[in-house]
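Given next are the chains, with one letter for each unit.
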Amino acid sequence: MSDDPRPPAAEHGDDLLAAECALGLLEGFERDAAERRRLREPGFDRAVEGWEDRLAGLTDEVAPVAPPAQVWTGVLKQVESGGAVVELRLRRSLAAWRAAAASAGAIAAALAVALVWPHTPAPLSGGPLVASTAEHAQPALEQVMTARMVGATGPTVFVAVVDPQSHVIVVTPATVSVTKGRSPELWLIPAGGKPIALGLAAFGRSVRLNPDVQIGDPTRAILAVSMEPLGGSPTGQPTGPVVATGALERT
Amino acid sequence: MERWIFVDGETERQALVTALAGVARGDQAALRRVYDQTSAKLFGVCLRILKDRAEAEDVLQDVYVTVWRRAGSFDSSRGVSPITWLATLARNRAIDRLRASKAHLSRPIELVAETPDIAPLADATLEQDQTQRRLTHCLDQLEPDHAAYVRSAFFGGHTYQTLAEAAAVPLGTMKSWIRRSLLRLRSCLDEGGAAL
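Going down the list, the sequences are from chains L and D.
End of the first sequence sits at 519 in my numbering; the numbers just go up one at a time, nothing left out.
End of the second sequence sits at 1321 in my numbering; the numbers just go up one at a time, nothing left out.
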């Protein structure tokens, strides 16, 4: 693989950070900050991919084991059931979206709304947020923000659409793995502040949250999802691993 | 299961790139080809990380469903090999699952176990073979303990924090050991790649 275009000689510290990111050495805010940079800086994202590429050779140290036939049967069943509409749409636009994430918030937002739309259950359709944004752009749209929450590998795990005025947040799963006995919980992390619980998301459907939270400067806040015991964190702070984070972007 | 025989790594790589392009277009037969070609490797990786058959099967299934849904985001022009893309996806999913279960927290750093469990396979492709030899060679240049920490992070989901705790050293010490190891690894891989 000597023909691999390695990231252009990234700054020393940056490339180390990329390695730490690829290997998963960071925790908490450090990890969140690195994930945020990955989303916003294509050069940094490539540096992480470069390290994933270097380290992937470790998997060659592992003896292959043929999986039992039921794995393929299970794959086929999920594939044939169509899976989530969300991900099929996402699949086509992920690369473009990632490239545009830093500058073109509007595209991401339009996409996020499109993602939420086919997935949202009936009760949502009356809500001011989705109803007003799906069909025609109305003035209220300017208030709406979106966050595409990504995990360590870069896939979108959850998408959130936030209307700070009405305090309504719609959080929709994208490529999340169901973890038995756990609840995904949504957090708002203000710049330099402690996480604030926003409510529980779900693995298989959109959830509409109406948390009693004032988002001070949303453009400096990020959203995160952690895996908590069923019913949510017992402490009011994340206790389980943070599986995805994403910055709030104005639409 | 159909067994694929490839004369060299590049052919396998090309077959996989072609199959993934088919998956991106929604071709289920192409997904089956990807599965046949890669599932034993990825299952091995999931098993190594999760050390639990049922969990590993579950994650593996999730990985291929994800491949079905996300094959369009694989871009061979970015220089990442398809097997690297798949292995990274499987590794990261398995690590996420491991961390969610918190099972790894009670797991000691396995200095012995986190060493290569196989020699390069007789039927390994050239691409795999060279990559592994290069990486193994470079890891061998590190302090044995430090190489084990890198492997523990990769296969055990350990972070700086949990590695420092497990090794009973200050966090800063563990960070500097690993950072130095990563820098050495990089220069060894980037320099020595062509020599092997």
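Honestly, the hints are just simulated from the structure, not real lab data.
Don't take each hint at face value.
[Unchecked claim] In silico BS3-like cross-links for lysine-lysine, where the CA-CA straight-line distance does not exceed 30 Å:
hint : chain 1 : residue 1 : chain 2 : residue 2
1    : L       : Lys-448   : D       : Lys-1300
2    : L       : Lys-462   : D       : Lys-1300
3    : D       : Lys-1176  : L       : Lys-345
4    : D       : Lys-1176  : D       : Lys-1300
[Claimed, not checked] Below, a sample of chain D positions facing chain L; criterion: calculated Cβ distance under 10 Å:
hint : residue
5    : Arg-1158
6    : Lys-1176
7    : Arg-1178
8    : Ser-1206
9    : Gln-1266
10   : Leu-1267
11   : Val-1294
12   : Thr-1298
13   : Lys-1300
14   : Arg-1304
Ideal Cβ placement from N, Cα and C applies to all residues, glycine included.
So, going through the hints one by one against the coordinates:
1. L:Lys-448 - D:Lys-1300: Distance ~33 Å between Lys-448 (chain L) and Lys-1300 (chain D) Cα, so the pair is violated.
2. L:Lys-462 - D:Lys-1300: Judged against 30 Å, a Cα distance of about 25 Å means the pair holds.
3. D:Lys-1176 - L:Lys-345: Holds: Lys-1176 (chain D) and Lys-345 (chain L) sit about 25 Å apart, inside 30 Å.
4. D:Lys-1176 - D:Lys-1300: holds (27 Å)
5. Arg-1158: violated (12 Å)
6. Lys-1176: violated (12 Å)
7. Arg-1178: holds (9 Å)
8. Ser-1206: Where the cut-off is 10 Å and the nearest Cβ of chain L is about 6 Å from Ser-1206 (chain D), the hint holds.
9. Gln-1266: violated (14 Å)
10. Leu-1267: violated (13 Å)
11. Val-1294: violated (15 Å)
12. Thr-1298: At about 14 Å, which exceeds the 10 Å cut-off, the nearest Cβ of chain L leaves the hint on Thr-1298 (chain D) violated.
13. Lys-1300: Check passed: Cβ of Lys-1300 (chain D) comes within 8 Å of chain L, closer than 10 Å.
14. Arg-1304: holds (6 Å)
In terms of the numbered hints stated before, the structure departs from hints 1, 5, 6, 9, 10, 11, 12, listed from lowest to highest.
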